[in-house]
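Engineer: One letter stands for each residue in the lines below.
2 protein chains.
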Amino acid sequence: MKLYNYFRSSASFRVRIALNLKGLAYEQVSVHLTRGGGEQLAESFRALNADQLVPVLEDDGHLLTQSLAIIEYLEETHPQPPLLPRDPVERAYVRSLALTIACEIHPLNNLRVLRYLVRDLGVSDEKKDGWYRHWVERGLAAIEARLLAECRQGLYLLGDDVTLADVLLVPQIFNAQRYTCRVDHVPVLMGIFDRCMQLPAFIDAQPSKQPDSE
Amino acid sequence: MKLYNYFRSSASFRVRIALNLKGLAYEQVSVHLTRGGGEQLAESFRALNADQLVPVLEDDGHLLTQSLAIIEYLEETHPQPPLLPRDPVERAYVRSLALTIACEIHPLNNLRVLRYLVRDLGVSDEKKDGWYRHWVERGLAAIEARLLAECRQGLYLLGDDVTLADVLLVPQIFNAQRYTCRVDHVPVLMGIFDRCMQLPAFIDAQPSKQPDSE
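Keeping their order, the protein sequence lines are chains C and G.
For reference, each letter of the first sequence is one residue, going 101 to 314 in the working numbering.
For reference, each letter of the second sequence is one residue, going 101 to 314 in the working numbering.
Source of the hints: derived by calculation from the structure; they are not laboratory data.
Each hint should be verified, as a subset may be incorrect.
Claimed, not checked - In silico lysine-lysine, DSBU-like type, Cα no more than 35 Å apart, as pairs:
no.	chain 1	residue 1	chain 2	residue 2
1	C	228	C	309
2	C	122	C	227
3	G	228	G	309
4	C	227	G	228
5	G	227	C	228
6	G	227	G	122
7	C	102	C	227
8	G	122	G	309
9	C	122	G	122
10	G	227	C	227
11	C	309	C	102
12	G	102	G	122
13	C	102	C	122
14	G	122	C	228
15	G	102	G	309
Claimed, not checked - Stretches of chain C that chain G covers, calculated by requiring three or more beta carbons in the stretch to come under 8 Å of a beta carbon on chain G:
no.	segment
16	160–174
17	213–220
If you're wondering where the values come from, they're calculated on a predicted model, not measured in any experiment.
Where is the CB? At the ideal position from N, CA and C, for every residue including glycine.
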């Protein structure tokens with residue numbers, strides 16, 4: 101398998117964690133998101149993904165896009181160890197936590213979105229950073245509130261096995277820390293984050309350990 | 101089953117289509133997103149969903165959130181007719197199209213995001229509408245480009261069977277039309293949209309047919 105990705109992209113980070121958890125070997129191809137105006141915008145990359153986003157996973161000649169779709173594919177083609185529980189209600193719970201990060205937090209802080217705020221809407225850097233922190237802090241608080249209401253967490257977000265939800269959580273916390281967002285209001289999430297970051301699959305997938313890390 | 105939803109919410113619209121396609125009966129509870137400051141922000145609703153978003157599906161006492169997680173749950177608990185193909189590569193393709201809408205277009209045009217632009221960033225209504233149209237037109241163009249590159253569409257986004265991707269497409273086109281976004285640059289998508297809107301499951305799920313429609 102070949103993963104077109106960027107060390108700092110959190111959607112790429114998600115897929116690296118999932119590949120590591122599944123014990124799958126993969127080759128990395130770096131797509132630098134800021135160098136030369138952004139390699140993801142080049143025609144050669146557009147041929148791999150018309151939406152000009154990393155990651156793209158190439159498996160057996162097939163090009164797969166969208167990190168959550170890629171991880172569901174890995175789950176279906178390499179079921180062990182599972183990243184989703186067996187019970188449909190629990191699967192829905194795990195997916196809903198993952199989607200809260202993927203749909204309610206991350207898209208608002210995407211590079212092209214931040215650029216649009218500054219270039220097209222004339223938003224100051226300070227207010228742009230405020231926007232970033234607002235959606236991260238608010239989104240994490242909503243997840244923390246959900247955990248406290250549901251009481252289904254254990255060592256990880258659902259019980260004592262790592263799931264898709266943890267795979268999404270960790271890169272989002274990395275982003276939060278990079279942009280100095282508050283995280284002291286989400287102690288349960290931070291405890292889970294710390295436990296994940298003791299696992300080799302997460303440690304090895306982090307941005308600073310990637311070959312294209314600066 | 102009981103669906104807490106709002107007629108105009110496109111995430112709600114997705115779940116209504118899926119329920120209809122599966123032939124499942126459900127009771128609707130309206131959560132009005134703008135009346136009284138937003139019923140989704142009330143404490144009583146927060147107890148159902150800490151993230152204060154519709155839809156919420158109640159099934160057998162379980163509260164399910166996030167439209168894509170709900171639809172995957174329906175697919176697992178009521179497999180017929182399927183909304184995902186059987187082949188993992190095709191499943192990944194369908195999910196990636198759905199996620200392009202759910203992650204790259206829709207979150208940027210969510211009510212609370214538009215409010216933040218105006219109230220917190222001081223963006224004018226005109227520029228806010230420009231923002232809305234930018235992400236819709238760009239996102240739809242990326243999907244159209246992908247279809248043209250992959251040539252896997254038929255009557256619908258993948259072949260001749262309705263899938264999860266079509267379930268996501270139709271509400272997004274409704275939003276595009278409501279905000280007078282360009283759609284003449286995506287003729288393949290519009291052809292698929294028109295075919296979907298000849299099916300009772302889509303017709304019956306549309307905003308204007310809901311009990312809480314104004």
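Engineer: Tell me if the straight-line CA distance from residue 102 of chain C to residue 227 of chain C falls inside 35 Å.
Structural biologist: 38 Å, violated
Engineer: Just to be careful, I want the Cα atoms of residue 227 of chain G and residue 228 of chain C compared with a cutoff of 35 Å; is the pair within it?
Structural biologist: Within the cut-off at roughly 16 Å; holds.
Engineer: If you draw a straight line from the CA of residue 228 of chain G to the CA of residue 309 of chain G, is it 35 Å or shorter?
Structural biologist: Answer holds: residue 228 of chain G to residue 309 of chain G is near 28 Å, not above 35 Å.
Engineer: For the pair we were handed, residue 227 of chain G and residue 227 of chain C, check the Cα-Cα distance against 35 Å.
Structural biologist: 16 Å, holds
Engineer: Holds or violated: are the alpha carbons of residue 122 of chain G and residue 309 of chain G at most 35 Å from each other?
Structural biologist: 18 Å, holds
Engineer: Quick one: see if chain G covers the segment 213–220 of chain C, three-plus residues with Cβ-Cβ under 8 Å.
Structural biologist: Holds: 4 residues of the segment 213–220 of chain C have a Cβ under 8 Å from chain G.
Engineer: Measure nothing beyond the straight line between the CA atoms of residue 227 of chain G and residue 122 of chain G; if it is 35 Å or shorter, mark the hint as holding.
Structural biologist: Violated, because 40 Å separates the two Cα atoms, which is more than 35 Å.
Engineer: Given the hint that residue 122 of chain G pairs with residue 228 of chain C, test it: the Cα-Cα distance must not exceed 35 Å.
Structural biologist: 43 Å, violated
Engineer: Under the criterion that the straight-line Cα-Cα distance not exceed 35 Å, is the pair residue 228 of chain C, residue 309 of chain C satisfied?
Structural biologist: 28 Å, holds
Engineer: Quick one, are residue 102 of chain G and residue 122 of chain G close enough, alpha carbons at most 35 Å?
Structural biologist: 15 Å, holds
Engineer: For the pair we were handed, residue 309 of chain C and residue 102 of chain C, check the Cα-Cα distance against 35 Å.
Structural biologist: 17 Å, holds
Engineer: Keeping to a limit of 35 Å between CA atoms, is the pair of residue 227 of chain C and residue 228 of chain G held or broken?
Structural biologist: Satisfied, since the Cα-Cα distance of roughly 16 Å is no more than 35 Å.
Of the hints listed earlier, those the structure fails to meet are numbers 2, 6, 7, 14, in rising order.
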